[in-house]
Amino acid sequence: MRHHVTIGPDTLAVEITGSGAETEGRVDGAPLRAARDPDDAGVWRVAHAGRTVAARAVRDGEHVWVAVGGEVYRCTVREDTGTADLAPVHSPHVTAPMPGKVIDVAVAAGQEVAAGDPLVVLEAMKMETVLTAEVAARVARVHVAPGTMVEPGQTLVDLELAESAQPSTDG
Amino acid sequence: MPEIRKLLIANRGEIAVRIIRTCRTMGVATVAVFSEADAGAPHVRLADEAVPIGPAAARESYLRIDALLAAARATGADAVHPGYGFLAENAGFARAVEDAGLTFVGPSPAAIAAMGDKVAARTLVEQAGVPVVPASAVLDPDPAAFRAAAAAVGYPIVIKAAAGGGGKGMRIVRAPAELAQAVPRAAREAEAAFGDARIYLERYLERPRHVEVQVFGDRHGGLVALGERECSVQRRHQKIVEETPSPAVDARLRAAMVGAALRAARAVAYVGAGTVEMLLGAGGAFYFLEMNTRLQVEHPITEWVTGIDLVREQLLVAGGAPLACAGAVARGHAIECRLYSEDPARQFFPATGTVRLLEEPAGPWVRFDSGIAAGSVVGVDYDPLLAKISTWGATRAEACARMRAALDATVVLGVVTNRDFLRAVVAHPAFAAGDTHTEFVEEHLAAWRAPAGPDRPAAALVAALASRRAPRPGPGEAARPAEPWQTLGPWRPGGTAA
Numbered sequence: 001m002r003h004h005v006t007i008g009p010d011t012l013a014v015e016i017t018g019s020g021a022e023t024e025g026r027v028d029g030a031p032l033r034a035a036r037d038p039d040d041a042g043v044w045r046v047a048h049a050g051r052t053v054a055a056r057a058v059r060d061g062e063h064v065w066v067a068v069g070g071e072v073y074r075c076t077v078r079e080d081t082g083t084a085d086l087a088p089v090h091s092p093h094v095t096a097p098m099p100g101k102v103i104d105v106a107v108a109a110g111q112e113v114a115a116g117d118p119l120v121v122l123e124a125m126k127m128e129t130v131l132t133a134e135v136a137a138r139v140a141r142v143h144v145a146p147g148t149m150v151e152p153g154q155t156l157v158d159l160e161l162a163e164s165a166q167p168s169t170d171g
Numbered sequence: 001m002p003e004i005r006k007l008l009i010a011n012r013g014e015i016a017v018r019i020i021r022t023c024r025t026m027g028v029a030t031v032a033v034f035s036e037a038d039a040g041a042p043h044v045r046l047a048d049e050a051v052p053i054g055p056a057a058a059r060e061s062y063l064r065i066d067a068l069l070a071a072a073r074a075t076g077a078d079a080v081h082p083g084y085g086f087l088a089e090n091a092g093f094a095r096a097v098e099d100a101g102l103t104f105v106g107p108s109p110a111a112i113a114a115m116g117d118k119v120a121a122r123t124l125v126e127q128a129g130v131p132v133v134p135a136s137a138v139l140d141p142d143p144a145a146f147r148a149a150a151a152a153v154g155y156p157i158v159i160k161a162a163a164g165g166g167g168k169g170m171r172i173v174r175a176p177a178e179l180a181q182a183v184p185r186a187a188r189e190a191e192a193a194f195g196d197a198r199i200y201l202e203r204y205l206e207r208p209r210h211v212e213v214q215v216f217g218d219r220h221g222g223l224v225a226l227g228e229r230e231c232s233v234q235r236r237h238q239k240i241v242e243e244t245p246s247p248a249v250d251a252r253l254r255a256a257m258v259g260a261a262l263r264a265a266r267a268v269a270y271v272g273a274g275t276v277e278m279l280l281g282a283g284g285a286f287y288f289l290e291m292n293t294r295l296q297v298e299h300p301i302t303e304w305v306t307g308i309d310l311v312r313e314q315l316l317v318a319g320g321a322p323l324a325c326a327g328a329v330a331r332g333h334a335i336e337c338r339l340y341s342e343d344p345a346r347q348f349f350p351a352t353g354t355v356r357l358l359e360e361p362a363g364p365w366v367r368f369d370s371g372i373a374a375g376s377v378v379g380v381d382y383d384p385l386l387a388k389i390s391t392w393g394a395t396r397a398e399a400c401a402r403m404r405a406a407l408d409a410t411v412v413l414g415v416v417t418n419r420d421f422l423r424a425v426v427a428h429p430a431f432a433a434g435d436t437h438t439e440f441v442e443e444h445l446a447a448w449r450a451p452a453g454p455d456r457p458a459a460a461l462v463a464a465l466a467s468r469r470a471p472r473p474g475p476g477e478a479a480r481p482a483e484p485w486q487t488l489g490p491w492r493p494g495g496t497a498a
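Chains A and B, in that order, are what the protein sequence lines are. FYI, the numbering for the first sequence is 1 to 171, going by our numbering. FYI, the numbering for the second sequence is 1 to 498, going by our numbering.
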C-alpha cells in the first residue's frame, strides 16, 4: 500500500508491504522495518539506516503526530489511490488559521502575487497577523473584506497556482 | 495586616498552579477560579476548592471583578493573588479587593495606577532621577501628529500604547512614510488589547538589551533589589528566553541599574514584588522602560539564583511581615525558556489544539512550570504560554547545557509548539557568546525552519501505519489510559481546607 506523508514543506512517498506485528516499508525508496512495541500499543520500533528507534504516534483529527529521536513530526497522510491526481501541497485556498477579524485585504482578484506577498491581515488573540502567499500565484477571488469575522478554516482568498507549485506525483 | 490563611487565586494556567504549590508549603488554603473552558484544568484539580466564574471569554470570567469577589466571599478567602496578566495591574481591582475587606497580594492601588499609565510613569521616574528614553506625549492617532513628534525625537521611533505593556500595540517605524499605516494599526491593537486606543511614540534604540531589576518592598518601608534578569530574546516584542545574571552587566553597571530601579520603586512607595524594566544600550547607557507592578512571568530564574520563593515572600509581605529576603546573595546562573503553542515558521502565530501527549523534562536543576496536562485543550481565549522550562548551573555554560537537554526531553504532541525554535536560540553561537539583544530573532533566526531530523523517514512510516487504523478506537487508542482525574469524581487532593 502506498501513502504520501507530508511533513512541513516536504512530502515523502511511503510504501508498506506486509502487515501484522512486523512491517516492511520503503520511504522515498529507502528500506525500513517497523514493529509494534508489545508493551505499549502507541509505540513502534523502527529499524532504518543501521539503527533502531522508538516512535510514538498519536492520531489527532487530520494529523498523525509522531515523536521519535527527540523530534516531533506533525504528519498528514494521504493514501495513494493510483490515480496520481493528488491534492496540491500548496492549497489554492488561503484559510483563516483561527477565529478573528479581517483588518485589511491587500490584494484584489486578478492580481499576481509572489511568494511572501501579504494577502490578508487578520486580528486574532489580540494580535495582528499578516497571511502571505506561500508561492507565486494569481488571485482568483477574494471572499472577505475588512471587518469580516471569520471562523477557523474559512476560505479568505482563492489563488490560481502556477504549474510549478503543484506537487510532483512521484514523491 | 493579618496573616493570610486562605488565598483566592484570580488567575489560571501555570501561574495559578505555581502559586498553589507555594501555598501548600505554607499551610495556606487555596481557592481556584475557573471558566467553562478550564473546568478540568490542572489549577482547578490542584486547589483545595474551585469556583466557576463564567464562560470561556476572559472578559466574562477571569476579568469579572464581581464574580471573583463573590467567589472569595463564598469560600471565606481572606486574600486575593492576581498572578500576572488579567487583572494583575488593574488598580480598580486592587481597590475593590481592599474595599471588600480582603488582602490584595500586590502593591497599593495608587502604585499600580501610577505605573500603569506609561506616560505618567515616565514623568514620575524621571523626576526621581531615573534616565528615560526621549518620547512624545500621548498624541492623536493621526500620522501628521506623529510625523511632527517623530522629527523632534529622531528616527527610528517606536509607537506604543499608553495603557500598554507586554509588547502589544508596539510598532517600530524607521521612516516618515511608514507612519500612515503604522499609526492606525497601533491604535487599533492598543484598543483591542487594552480597551484604550491612546498611543505615543519614543525613540527606538537599535539592538538594545532588555534588562530588568526585581524589586521587593514591604509595608514597613523596607525595599530591596534581587538582581537583574536579561530578557532580550523576544519575538513579536514578547520575551521567549530569559536569564540571570545578564552577560552584559558587571558589578558596577549592576549597582547603577539597581540604584535606578530602587529610586523608581521608592517613588511610588512600592510594596510587594515588582519589576523595573530597562533598555541597555551597547555603550552601557540604560533607560527606564516601564515598571510591572506584579509577579513577573520569568520570576523562577531569580528564585533559582537567590534561593528565595518569591510567592512565599509576596504572601508574607501582604500579611504584614517585614521583608525576609534582604541580604540575599545571587549564586550561579539561571535560564528560562517559554514554551508557547505557536508556529515559529508562520510568524509565531498562536496554534490551537488538544495536548495528546506531554513529556516533561526532569533531572537535577531543571524546573518545569506548566498549567497543562494530556487532554488539555489549548484554545483561543487565553495566552498561548504552555509551560516555562528553567535550569540552573554554576556557570552560564552549565545552565545552557542543562537547558538544551531539558528542551530535548520536552515533548508535546497534538499542539504545534516553539520548542525547536527555542532549541535553535539556545544552540546559536551568538547566544552562547552572550551576544543577545532585542532584535536577536530577526537578525539570526528570521529564516528558521523546523529541521528535517534524521528520523524523518521513520516518522513518515509510522504515521502511515498509524493512519491505517479505522477512526474508531483501535487497540492502540483503547490502551491509552484514561486520565485518573476524569474518573475520580469530585475528590481532590487534601490540604488545609478551612
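Everything labelled a hint here was simulated from the structure, so no lab data went into it. Owing to the predicted nature of the structure, the values given are computational and were not obtained by experimental measurement. Please note that the accuracy of each hint is not assured.
A short, non-exhaustive set of chain A residues, derived as facing chain B with CB atoms under 8 Å [what the hints assert, rightly or not]:
no.	residue
1	Leu32
2	Arg56
3	Cys75
4	Val102
5	Met127
Partial pick of chain B residues on the chain A-facing surface, computed with a CB cut under 8 Å [stated by the list, open to error]:
no.	residue
6	Thr354
7	Pro457
8	Ala460
9	Ala463
Here a beta-carbon is modelled for each residue, glycine too, at the ideal position from N, C-alpha and C.
Verification of the supplied hints:
With its C-beta approaching chain B no nearer than about 5 Å, Leu32 of chain A sits inside the 8 Å limit, and its interface hint holds. A hinted interface residue such as Arg56 of chain A counts as satisfied when its beta carbon comes closer than 8 Å to some beta carbon of chain B; here the least separation is about 7 Å, so the hint holds. A hinted interface residue such as Cys75 of chain A counts as satisfied when its beta carbon comes closer than 8 Å to some beta carbon of chain B; here the least separation is about 4 Å, so the hint holds. Interface hint status for Val102 of chain A: violated, as the beta-carbon distance to the closest one in chain B is roughly 12 Å, over 8 Å.
The restraint placing Met127 of chain A at the interface with chain B holds, with a minimum CB-CB distance near 7 Å, inside the 8 Å limit. Taking 8 Å as the C-beta cut-off, the interface hint given for Thr354 of chain B holds, the closest approach to chain A being about 7 Å. Because the smallest distance between the Cβ of Pro457 of chain B and any Cβ of chain A comes to about 4 Å, under 8 Å, the interface hint for this residue holds. Taken as an interface hint, Ala460 of chain B checks out: its beta carbon lies about 4 Å from the nearest beta carbon of chain A, inside 8 Å.
Of the supplied interface hints, the one on Ala463 of chain B holds, with its beta-carbon coming within about 4 Å of a beta-carbon of chain A, less than 8 Å.
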